[in-house]
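Here the protein sequences line up with chains A and B, keeping their order.
For the first sequence, the numbering used here assigns the number 2 to the initial residue and increments by one for each residue that follows.
For the second sequence, the numbering used here assigns the number -14 to the initial residue and increments by one for each residue that follows.
Just so you know, these hints were derived from the structure itself, not from any lab.
Do not take every clue at face value.
What the hints assert, rightly or not - Keeping only pairs whose Cα atoms sit at most 27 Å apart, straight-line, the calculated DSS-like set for lysine-lysine is:
| # | chain 1 | residue 1 | chain 2 | residue 2 |
| --- | --- | --- | --- | --- |
| 1 | A | Lys79 | B | Lys88 |
| 2 | B | Lys54 | B | Lys11 |
| 3 | B | Lys11 | B | Lys83 |
| 4 | B | Lys88 | B | Lys41 |
| 5 | B | Lys11 | B | Lys88 |
| 6 | A | Lys69 | B | Lys83 |
| 7 | B | Lys83 | A | Lys25 |
| 8 | B | Lys41 | B | Lys55 |
| 9 | B | Lys11 | B | Lys55 |
| 10 | B | Lys83 | A | Lys79 |
| 11 | A | Lys69 | A | Lys79 |
| 12 | B | Lys41 | B | Lys11 |
| 13 | B | Lys54 | B | Lys88 |
| 14 | A | Lys79 | A | Lys25 |
| 15 | B | Lys88 | A | Lys25 |
Source: prediction; values computed, not measured.
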Amino acid sequence: DAGVIQSPRHEVTEMGQEVTLRCKPISGHDYLFWYRQTMMRGLELLIYFNNNVPIDDSGMPEDRFSAKMPNASFSTLKIQPSEPRDSAVYFCASSWDLKETQYFGPGTRLLVL
Amino acid sequence: SQQGEEDPQALSIQEGENATMNCSYKTSINNLQWYRQNSGRGLVHLILIRSNEREKHSGRLRVTLDTSKKSSSLLITASRAADTASYFCATDPGANSKLTFGKGITLSVRP
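Please build the complete structure, drawing on both the sequences and the hints.
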C-alpha cells in the first residue's frame, strides 16, 4: 500500500479564499483523522470519521471548517473563507481502530496570506 | 491541559550516547504509543505498549510503562544523527476516547 496520501503538499492562498485539502486513507482502515499542527498549539485533532461517518468534530475551530468523507477512500477538509491564522500543517491519518496505531500522511503545509 | 506531557521539551546529545525521554499522563489508559516526526514529515509510529505491559523493545528503542506513576519512558540507545527528530507520546484516556498527543520532545543528535 502507498500509505496515506494527501494533496496538495503545499498551498498558498489569500485571505478569504476557499481551501480544500484532500486525503486518501490506507485501504481497509475504518478510521480517518484530520489534525492541525502549529508551533503554538502543537498537534490538534480536528475531526475523525468511522466508516465514513463523522464521529467527533469537537476540535473543528469554527464553522469556516468543514470535513466530508463521501466514501472509504477519500476525505476532504475545507476552509471557507480562509484566514491567516489558519496557516498550519494539516495532517490526515488513518487506522483500523480508534486506539491503535495511526498512519499519518505527509501533511499539507497551508499558508494564508 | 494535555493528557500526555513529554519531558524534557528539548534534548541535545552526542552521537553514540543514549537518549531518554519521558511522558506523564493523568488518567488510566489502555495503551501508550510513541511516534517520531522528522522535520517536514508526518508522524511515524514507533512502538505501542499496553497497560498490562511494563517494557517493550524494538531495535534500539526501549519503552517502559509505570502505570502506578502514570509515566512512560522512551530510551534510544547508541543514538545516531538520523535520530534527530521530534518525539511524541500518545495516550487513550478512556473507553471511547481517541488518542491524545503530547506537545513533543525535540531531540538533536550531534555528529
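Verification of the hints:
Annotation: proposed proximity of Lys79 of chain A to Lys88 of chain B holds, straight-line Cα distance about 25 Å (limit 27 Å). The hinted pair formed by Lys54 of chain B and Lys11 of chain B meets the criterion: a straight-line CA distance of about 9 Å does not exceed 27 Å. Distance check on the hinted pair: Lys11 of chain B and Lys83 of chain B sit about 15 Å apart at the alpha-carbon level, within 27 Å; holds. For the suggested pair Lys88 of chain B and Lys41 of chain B, the alpha carbons sit about 23 Å apart, so the restraint of at most 27 Å is met.
At most 27 Å may separate the alpha-carbon atoms for a hinted pair to count; Lys11 of chain B and Lys88 of chain B meet this at roughly 15 Å. A hinted pair counts as satisfied when its Cα atoms are at most 27 Å apart, and Lys69 of chain A with Lys83 of chain B qualifies at roughly 19 Å. Under the criterion of a C-alpha separation no larger than 27 Å, the hint pairing Lys83 of chain B with Lys25 of chain A is consistent with the structure, at around 20 Å. A distance of roughly 16 Å separates the Cα atoms of Lys41 of chain B and Lys55 of chain B; the hinted pair therefore holds under the 27 Å criterion.
With a C-alpha separation of about 7 Å, the suggested pairing of Lys11 of chain B with Lys55 of chain B holds against the 27 Å cut-off. Pair hint Lys83 of chain B plus Lys79 of chain A holds up; C-alpha atoms about 22 Å apart against a cutoff of 27 Å. Distance restraint check for Lys69 of chain A and Lys79 of chain A: the Cα-Cα separation of roughly 8 Å lies within the 27 Å cut-off, and the hinted pair is therefore satisfied. Note on Lys41 of chain B and Lys11 of chain B: the hinted pairing holds, with a Cα-Cα distance of about 21 Å set against a maximum of 27 Å.
Under the criterion of a C-alpha separation no larger than 27 Å, the hint pairing Lys54 of chain B with Lys88 of chain B is consistent with the structure, at around 20 Å. Only pairs whose Cα atoms come within 27 Å are accepted, and Lys79 of chain A paired with Lys25 of chain A is accepted, the gap being roughly 15 Å. A threshold of 27 Å between alpha carbons decides the hint, and for Lys88 of chain B with Lys25 of chain A the separation of about 26 Å falls inside it, so the pair holds.
Of the numbered hints listed earlier, not one is contradicted by the structure.
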